[in-house]
Amino acid sequence: MTGLWQDYKAAWIAGVLVVIAAMLSVIVVPEDQQAVVIQAGKPVRVYNQFSANADYGQTGAGVHFRIPLVERVQRIDKRLLSVDMQQQQVLSTDQQRLNVDAYARYRIVDPVRMVRSAGTTERVTEQLGPILSSVVRQELGKRTFQSLLTAERGRAMENIRALLDKQAREYGAQIVDVRIMRADLPEGALDSAFARMEAARQEEAKTIAAQGQRDAQIIRADAEAQSAKIYADSFGKDPQFYDFFRAMQSYQLSFAKDQSGKTIVLSPDNAYLKRFREP
Amino acid sequence: MAGRNSPWGSGSGSSGDRPGDGGDPDGEGGTPTGVGSQPEDQEQPADKGDGGGKRGPRNPWLPSGDSPPRRSASIEDIFRRGDPRRGGGRGPGRGGFPNLPRRADGRSWVPLGIGLAVLAGLAISSVHMLGPKEQGVVTTLGKYSRTIDSGVNLTLPWPLEQVRVVDVSSFSVDMIPDDDKEKLMLTSDKSLVDLSYVVRWNIKDLKNYTFRLADPDETVREVGEAAMRASIAQISLGDALSGAGRAQIEGDVRDRMQRILDGYHAGIAIQGVEIKKADPPARTKAAFDQVNVKQQEAERDRSDARAWAQQLIARAQGDATGFDKVYEQYKLAPEVTKRRMYYETMERVLRDNDTVIADAPGVTSYLPLPEVRRRESPPPDTVVEATPSTGAR
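Chains as they are written, first to last, in the working numbering: chain W, 672 to 950; chain X, 145 to 537.
Think of the hints as simulated: they come from the structure by calculation, not from any bench. Be aware that a few hints might be false.
Which residues of chain X face chain W? A few of them, derived with a C-beta cut under 10 Å, are [as the list claims (entries may be wrong)]:
hint: 1; residue: Val281
hint: 2; residue: Leu328
hint: 3; residue: Ala430
hint: 4; residue: Glu441
hint: 5; residue: Arg444
hint: 6; residue: Lys482
hint: 7; residue: Met485
Cross-link-like lysine to aspartate or glutamate pairs, in silico, EDC-like; alpha carbons within 20 Å at most [said to hold, decoys possible]:
hint: 8; chain 1: W; residue 1: Lys877; chain 2: X; residue 2: Asp445
hint: 9; chain 1: W; residue 1: Lys900; chain 2: W; residue 2: Asp914
hint: 10; chain 1: X; residue 1: Lys429; chain 2: W; residue 2: Glu875
hint: 11; chain 1: X; residue 1: Lys482; chain 2: X; residue 2: Asp468
hint: 12; chain 1: X; residue 1: Lys351; chain 2: X; residue 2: Asp293
hint: 13; chain 1: X; residue 1: Lys351; chain 2: X; residue 2: Glu305
hint: 14; chain 1: X; residue 1: Lys421; chain 2: X; residue 2: Asp338
hint: 15; chain 1: X; residue 1: Lys421; chain 2: X; residue 2: Glu326
hint: 16; chain 1: X; residue 1: Lys469; chain 2: X; residue 2: Glu479
hint: 17; chain 1: X; residue 1: Lys429; chain 2: W; residue 2: Asp862
hint: 18; chain 1: X; residue 1: Lys334; chain 2: W; residue 2: Glu858
hint: 19; chain 1: X; residue 1: Lys348; chain 2: X; residue 2: Asp406
hint: 20; chain 1: W; residue 1: Lys877; chain 2: X; residue 2: Asp433
hint: 21; chain 1: X; residue 1: Lys325; chain 2: W; residue 2: Asp862
hint: 22; chain 1: W; residue 1: Lys900; chain 2: X; residue 2: Asp463
hint: 23; chain 1: W; residue 1: Lys877; chain 2: X; residue 2: Glu441
hint: 24; chain 1: X; residue 1: Lys334; chain 2: W; residue 2: Glu874
hint: 25; chain 1: X; residue 1: Lys348; chain 2: W; residue 2: Asp726
hint: 26; chain 1: W; residue 1: Lys713; chain 2: W; residue 2: Glu841
hint: 27; chain 1: X; residue 1: Lys351; chain 2: W; residue 2: Asp748
hint: 28; chain 1: X; residue 1: Lys327; chain 2: W; residue 2: Asp772
Facing chain X, a subset of chain W residues (Cβ under 10 Å, in silico) [as the list claims (entries may be wrong)]:
hint: 29; residue: Lys877
hint: 30; residue: Thr878
hint: 31; residue: Ile889
hint: 32; residue: Lys900
hint: 33; residue: Tyr922
None of these values were measured; they are calculated from a predicted model. A virtual CB, placed ideally from N, CA and C, is assigned to each residue, including glycine.
Please build the complete structure, drawing on both the sequences and the hints.
What follows is the structure, encoded as structure tokens:
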């Protein structure tokens, strides 16, 4: 082995130099990166730039060359990146507060402009954050609380996206989407919301109880009416006989044998005793 | 990406970066068997030293005259290298592999071994066994080349072509929130509901999934959260809590998520969204329970009333039917029936009670009955003056 080194010393050194030179001049651009070649602070070429319609494999990823030491390569993420907005309070037109969390998705579509304006994607994200929050506050502040929650969200989001996109273009970025991830009540409003929910439940509970009682009364009254009708239908056929029949039942019931030991005083004129007098 | 596809076996490359398929026997088991005993060879340059010392005597290509007869490694072989008294005989003993035998022309085996190991590594990195659920993205020097499917696939060796293998069919399950904390969402009536749900998704387009999003998994979670909140904000608290609207919300959220993710070209298919829990906030739970209690009570009131009503009607029907039956008979012989009933009733009444027959009105009745005297306050209605008019007809 030492012989090999001794014999071909020059060749070895040359080989190593060639390899180093190749490593310096060859750049491999993966599919998820865009590479900007910068010469003396000035972007001169872009490899694998984002293009909306081109499929993967066609956009120029792969092996490229640069002049070592003269050209510098800056790699920029080509994927969809996200800007997360810190939670902040939005005041709706009807003076109600809402804590809003939002995110935006963007991608770098103009790497040259991005390199000139921001430098790195991290700085783009950093700078888009405050813009996003101000745009969100501004746009949502024009709306009522109710419309923040429901259907109008879609249109508000589109407005925010358009506004943010206009600013993001300065950084060579394109805003793909803005979403409100969370819209929560702030601490104080949360308490009152709970109180309101409780009151609503209590109202519901009382209503339900009252309804139950009302229904019970109606059911009873219905039954009474129905039984009255049954009685009337039946007894109405002969009221006089009913009078007699019911009286008999009533006597039997009222003078039934029990502990009280009632005493009945009969007049000798009583109809029951009429046979006493004459056979 | 380069670290994952090291030449020391595509096994680590094929195990992918998703935690679910680490134990997949198809993905890893195939590679070592395909290349036979090469892992042993490739260790040789890696651990210079006692590895070489042990393995030297076992080399099958030993020239016969130059070395001791083949035998298995013994404890002596292991110590031989470290003991200078025994180190002689073969080579100077400094550095390298003193126990390695020489080739016939006196050269070392080492370069040949290294070459073999490199070749083996290249071979391993160009054969890829993919399990039935897996797909792999092949990049040629960073450039997307093709997507390979399950089965045995050949690529150019590393580092020319790299393969990233991912399990595409298995569903990933995201629980939101992933702990037991309360997650309150606003409903359309400005109430709050404590919601937890599960999103199931898988990869529908590996190429997009790999290259399009910076953080696909987090994206799914965020999109899920945004979509769920948007859907919940459109319905009232009652609908959110009741099971009735649940299927609709789930479908709604799934469609919404799919729409957003397709807008990103994320290559992700949302398979389903399931609401696991939709509860009122813990602080208002007592009030909600009270509603339930009242509901039960109201239901009980109604039941009681219905039972009472049934009793009342049944009695009315019984009474009426009884009357009707008697009346039928009465009509056949009115006078006799009436008389008979009258006497029977009077019989029973008078038999069961004390009876005094007093004279006509104007006569004061004196009741010397011991019972009456004993009880000072008999109810007034127990003494009945039966007037002749009763039943006189």
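Hint check results:
1. Because the closest C-beta pair between Val281(X) and chain W is about 9 Å apart, less than 10 Å, the hint holds.
2. Annotation: Leu328(X) was flagged as interfacial toward chain W, and the flag holds, the nearest CB pair being 7 Å apart, inside 10 Å.
3. The closest approach between the C-beta of Ala430(X) and any C-beta of chain W is roughly 8 Å, which is under the 10 Å cut-off, so the hint is satisfied.
4. A least Cβ separation of about 6 Å between Glu441(X) and chain W falls short of the 10 Å threshold, and the interface hint therefore holds.
5. Restraint check, Arg444(X) versus chain W: the minimum CB separation of about 8 Å is within 10 Å; hint holds.
6. Below 10 Å, beta-carbon pairs count as interface contacts, and Lys482(X) has one with chain W at about 6 Å; its hint therefore holds.
7. At its closest, the beta carbon of Met485(X) sits 5 Å from a beta carbon of chain W; the interface hint therefore holds under the 10 Å criterion.
8. Proposed proximity of Lys877(W) and Asp445(X) is supported: the alpha carbons are some 14 Å apart, at most 20 Å.
9. This hinted pair checks out: Lys900(W) and Asp914(W) have alpha carbons roughly 17 Å apart, not beyond 20 Å.
10. Proximity of Lys429(X) to Glu875(W) is assessed by CA-CA distance (about 14 Å); at most 20 Å being required, the pair is judged to hold.
11. Between Lys482(X) and Asp468(X), the direct Cα distance comes to roughly 15 Å. Compliance with the 20 Å bound is thereby established for this hinted pair.
12. Distance hint between Lys351(X) and Asp293(X) is fulfilled; the C-alpha atoms sit about 12 Å from each other, no more than 20 Å.
13. The suggested pairing of Lys351(X) with Glu305(X) holds, with an alpha-carbon distance near 16 Å, which does not exceed 20 Å.
14. The suggested pairing of Lys421(X) with Asp338(X) holds, with an alpha-carbon distance near 8 Å, which does not exceed 20 Å.
15. Restraint check for Lys421(X) and Glu326(X): satisfied, since their Cα atoms lie roughly 11 Å apart, inside the 20 Å limit.
16. With a C-alpha separation of about 16 Å, the suggested pairing of Lys469(X) with Glu479(X) holds against the 20 Å cut-off.
17. Restraint check for Lys429(X) and Asp862(W): the C-alpha separation of about 14 Å stays at or below 20 Å, so the hint holds.
18. For the hint pairing Lys334(X) with Glu858(W), the CA-to-CA distance comes to about 14 Å; that is within 20 Å, so the pair holds.
19. Only pairs whose Cα atoms come within 20 Å are accepted, and Lys348(X) paired with Asp406(X) is accepted, the gap being roughly 11 Å.
20. A threshold of 20 Å between alpha carbons decides the hint, and for Lys877(W) with Asp433(X) the separation of about 13 Å falls inside it, so the pair holds.
21. Simply put, Lys325(X) and Asp862(W) have alpha-carbon atoms about 18 Å apart, close enough for the 20 Å limit, and the pair holds.
22. Under the criterion of a C-alpha separation no larger than 20 Å, the hint pairing Lys900(W) with Asp463(X) is consistent with the structure, at around 12 Å.
23. Simply put, Lys877(W) and Glu441(X) have alpha-carbon atoms about 11 Å apart, close enough for the 20 Å limit, and the pair holds.
24. Distance hint between Lys334(X) and Glu874(W) is fulfilled; the C-alpha atoms sit about 17 Å from each other, no more than 20 Å.
25. A distance of roughly 16 Å separates the Cα atoms of Lys348(X) and Asp726(W); the hinted pair therefore holds under the 20 Å criterion.
26. Between Lys713(W) and Glu841(W) the alpha-carbon distance is near 17 Å, which keeps this suggested pair within the 20 Å criterion.
27. Under the criterion of a C-alpha separation no larger than 20 Å, the hint pairing Lys351(X) with Asp748(W) is consistent with the structure, at around 16 Å.
28. Taking the CA atoms of Lys327(X) and Asp772(W), the gap is near 14 Å; set against the 20 Å cutoff, the hint holds.
29. Below 10 Å, beta-carbon pairs count as interface contacts, and Lys877(W) has one with chain X at about 7 Å; its hint therefore holds.
30. Nearest Cβ of chain X to the Cβ of Thr878(W): about 8 Å, under the 10 Å cut. The hint holds.
31. Interface hint at Ile889(W): satisfied, since its Cβ lies 8 Å from the closest Cβ of chain X, which is below the 10 Å cut-off.
32. Residue-level restraint check for Lys900(W) holds (minimum Cβ-Cβ distance to chain X is 8 Å; threshold 10 Å).
33. Against a cut-off of 10 Å between C-beta atoms, the interface hint on Tyr922(W) holds, since the closest Cβ of chain X lies about 5 Å away.
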